[in-house]
Amino acid sequence: MRDLSKRYGEHEAVRGIDITVERGEVFGLLGPNGAGKTTTVEILEGYRKRTSGEVSVLGYDPARRQIELRKRIGVVLQSSGIYSHVTPREALQHWASFYPAPRDVNEVLRLSGLDEKADARSRTLSGGQLRRLDFALALVGDPELIFLDEPTTGLDPAARRDAWETVRNLREGGKTILLTTHYLDEAQALADRVAIVKDGRVLAVGPPRELGVGAAQYTISYRDGGGARIERQTEDPTRLLNELTNAALERGEHLEELSVGRPTLEDVYLELTADE
Amino acid sequence: MSDAVTLTWRQYRLERKMFWRNPSAAFFNFVLPLLFLVGGGAILHGNQSDLNKLVPAIAGMSVMSTTFTALAYNIVFLRERGVLKRIRGTPLPTGSYFGGVAANATTNTALQIAIVVVAGRIFFGIGWPQEWGELIVFVVVGVVCFAALGVAFAHVIPNFESTAAYVNAVFLPVVFVSFYAFDTANAPALLRNVADALPLKPLIEGLSGAIVTGSSLQSNLGALAVIAVWGVLGGWFAVRGFSWEQRRG
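Residue numbers (the working numbering), protein chains in the order written: chain A, 1368 to 1643; chain B, 330 to 578.
Incorrect hints may appear among the rest.
As a list, the in silico SDA-like pairs of lysine to any residue whose alpha-carbon atoms are at most 25 Å apart [to be verified]: (1) 1542(A) / 1552(A); (2) 1542(A) / 1434(A); (3) 1416(A) / 423(B); (4) 346(B) / 1453(A); (5) 1438(A) / 564(B); (6) 1484(A) / 1524(A); (7) 1438(A) / 382(B); (8) 1542(A) / 416(B); (9) 1542(A) / 1560(A); (10) 1416(A) / 410(B); (11) 1438(A) / 574(B); (12) 1438(A) / 348(B); (13) 1484(A) / 348(B); (14) 1438(A) / 1466(A); (15) 1416(A) / 426(B); (16) 346(B) / 367(B); (17) 382(B) / 439(B); (18) 1416(A) / 346(B); (19) 346(B) / 1458(A); (20) 1438(A) / 568(B); (21) 1416(A) / 350(B); (22) 346(B) / 1524(A); (23) 1438(A) / 333(B); (24) 1438(A) / 547(B); (25) 346(B) / 1496(A); (26) 1438(A) / 545(B); (27) 382(B) / 545(B); (28) 346(B) / 1452(A).
Residues from chain B that keep clear of chain A, each with C-beta distances beyond 12 Å, as calculated [as the list claims (entries may be wrong)]: (29) 448; (30) 465; (31) 501.
The calculated label-pair distances, taken between Cβ atoms and stated as ranges, are [claimed, not checked]: (32) 1434(A) / 501(B): 34 to 44 Å; (33) 423(B) / 1491(A): 45 to 55 Å; (34) 1433(A) / 497(B): 56 to 66 Å; (35) 359(B) / 1552(A): 34 to 44 Å; (36) 485(B) / 1598(A): 32 to 42 Å.
If you're looking for bench data, these hints aren't it; they were derived computationally from the structure. All C-beta atoms in this analysis are idealised placements derived from N, C-alpha and C, irrespective of residue type, glycine included.
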């Protein structure tokens, strides 16, 4: 039940990545821009040729670009366009005709929240709507393996949550998903397992929590009554904030310049490299 | 196989739909050659021997604009917008995609040739084409040649903003040299040689034979060979150099 295993080195971009994604799981490639995430997925999708190593996607070598493989995968690219004079409904009908057992176009339109814009020319769609169309076009063929390259970059928070919901529904439907992201919270919210990638190498693989992706420290900082800057680290910012604000109110003080810093990839890297 | 044929047909239908929805594309495809025909006809004051040359020249230009120009624009645009890359990730066979695109261009060519032929019959005192078979052969070979060259040329164009400059830098000189050499028997030898080596003038000669003079296909085989050689060259570069995505930087 192995979806893909690969081992290859490509000049600078990807230097010997070794990953196996199990059927039915959501696997995240987590790393900063330029870490080699997109290069890796595009090799798996058949867009790029690897220089060395072995790759197997659903039992196929993606470099050979067999149509049989492409009938079983869905691809959401980091950025891609659609014909401006075609409506989402027409585009989905056209795309559906490529696949042996496509989903119902109306249902896909409804699920992706494109009902209202179904018959409008694509060029009138907003950025968020175009992203939903990206998802819809990748899913209309009912693929068993779905690649999502930075699926929520550039989306507003509401659209982002919708995209997350879509991914969760796909997993419940038994689909296998490989997604790339540079957002810690996204990896934490969606992925069963993540591989942390940097400079074309895998630093660690495992469930997000075990890698410290979920447990990383939030930073709460403020100025106290005396004007001194205080920084506190916590895994539970809600509790600490409550304690701090209660204490301040009792003293009749304000917490000036209060801010909560989310854990960053850098923190995780530091933690990972500190462990070694 | 039937699957690939069906998908080619569907791609063709989609291309036609998009073509008619884009008014500027429709305008350039149909109104522009008509304007040339009307403008040229007005300048020539009904001088029949000149009109006899104008009609096949415009017909030749129509073949070039509906294939070479249109495909170069289309492919650069779709490549830059990431549409080609998206299509590349689907099970749509490459042959079906390009089959649909080429069939769409060919439809435009056929419509334009029909317009030019009918206008020649009605307004310019030129009878119906004398050699229908020759007309079809030259249009088909011309379409294949200029379509291949258009796809190959798209590879040279770095981004969509510069498409007009690149396309016109080729289209206008080729049209000018070919028209001039076709019209002027005593054109400078260098110009004539250049025009004879390029594919447009041979195409115009073949169309002239088919539509106006009735010279047989056998007498224009040399012209046909020149177009065919360009077609093979274009096809080779079109396939070899094709890029589904925008180069970075």
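Okay, the hints, checked on the actual structure:
1. 1542(A) / 1552(A): Status holds; Cα separation ~21 Å.
2. 1542(A) / 1434(A): Holds. Residue 1542(A) to residue 1434(A) sits at ~20 Å (cutoff 25 Å).
3. 1416(A) / 423(B): Holds, at roughly 18 Å.
4. 346(B) / 1453(A): Answer holds: residue 346(B) to residue 1453(A) is near 8 Å, not above 25 Å.
5. 1438(A) / 564(B): Cα-Cα ~29 Å, so violated.
6. 1484(A) / 1524(A): holds, 21 Å
7. 1438(A) / 382(B): Between residue 1438(A) and residue 382(B) the Cα gap is close to 53 Å, so the pair fails against 25 Å, i.e. violated.
8. 1542(A) / 416(B): Cα-Cα ~22 Å, so holds.
9. 1542(A) / 1560(A): Holds, because 15 Å separates the two Cα atoms, which is no more than 25 Å.
10. 1416(A) / 410(B): With Cα atoms ~22 Å apart, residue 1416(A) and residue 410(B) stay inside 25 Å; holds.
11. 1438(A) / 574(B): At roughly 21 Å apart (the allowed maximum being 25 Å), residue 574(B) and residue 1438(A) satisfy the hint.
12. 1438(A) / 348(B): violated, 28 Å
13. 1484(A) / 348(B): Holds, at roughly 21 Å.
14. 1438(A) / 1466(A): holds, 6 Å
15. 1416(A) / 426(B): holds, 22 Å
16. 346(B) / 367(B): violated, 28 Å
17. 382(B) / 439(B): holds, 20 Å
18. 1416(A) / 346(B): violated, 35 Å
19. 346(B) / 1458(A): holds, 12 Å
20. 1438(A) / 568(B): holds, 24 Å
21. 1416(A) / 350(B): violated, 38 Å
22. 346(B) / 1524(A): The given pair, whose Cα atoms are some 36 Å apart, is violated under the 25 Å limit.
23. 1438(A) / 333(B): holds, 14 Å
24. 1438(A) / 547(B): Violated, at about 49 Å.
25. 346(B) / 1496(A): This hinted pair holds, its Cα atoms lying about 23 Å apart.
26. 1438(A) / 545(B): violated, 50 Å
27. 382(B) / 545(B): holds, 17 Å
28. 346(B) / 1452(A): Holds, because 9 Å separates the two Cα atoms, which is no more than 25 Å.
29. 448: holds, 29 Å
30. 465: holds, 31 Å
31. 501: holds, 28 Å
32. 1434(A) / 501(B): 34 to 44 Å: Taking Cβ atoms as reference, residue 1434(A) and residue 501(B) lie about 41 Å apart, which means the hint holds.
33. 423(B) / 1491(A): 45 to 55 Å: violated, 30 Å
34. 1433(A) / 497(B): 56 to 66 Å: Because 41 Å falls outside the window, the suggested range is violated.
35. 359(B) / 1552(A): 34 to 44 Å: violated, 54 Å
36. 485(B) / 1598(A): 32 to 42 Å: Given range 32 to 42 Å: violated, Cβ gap about 57 Å.
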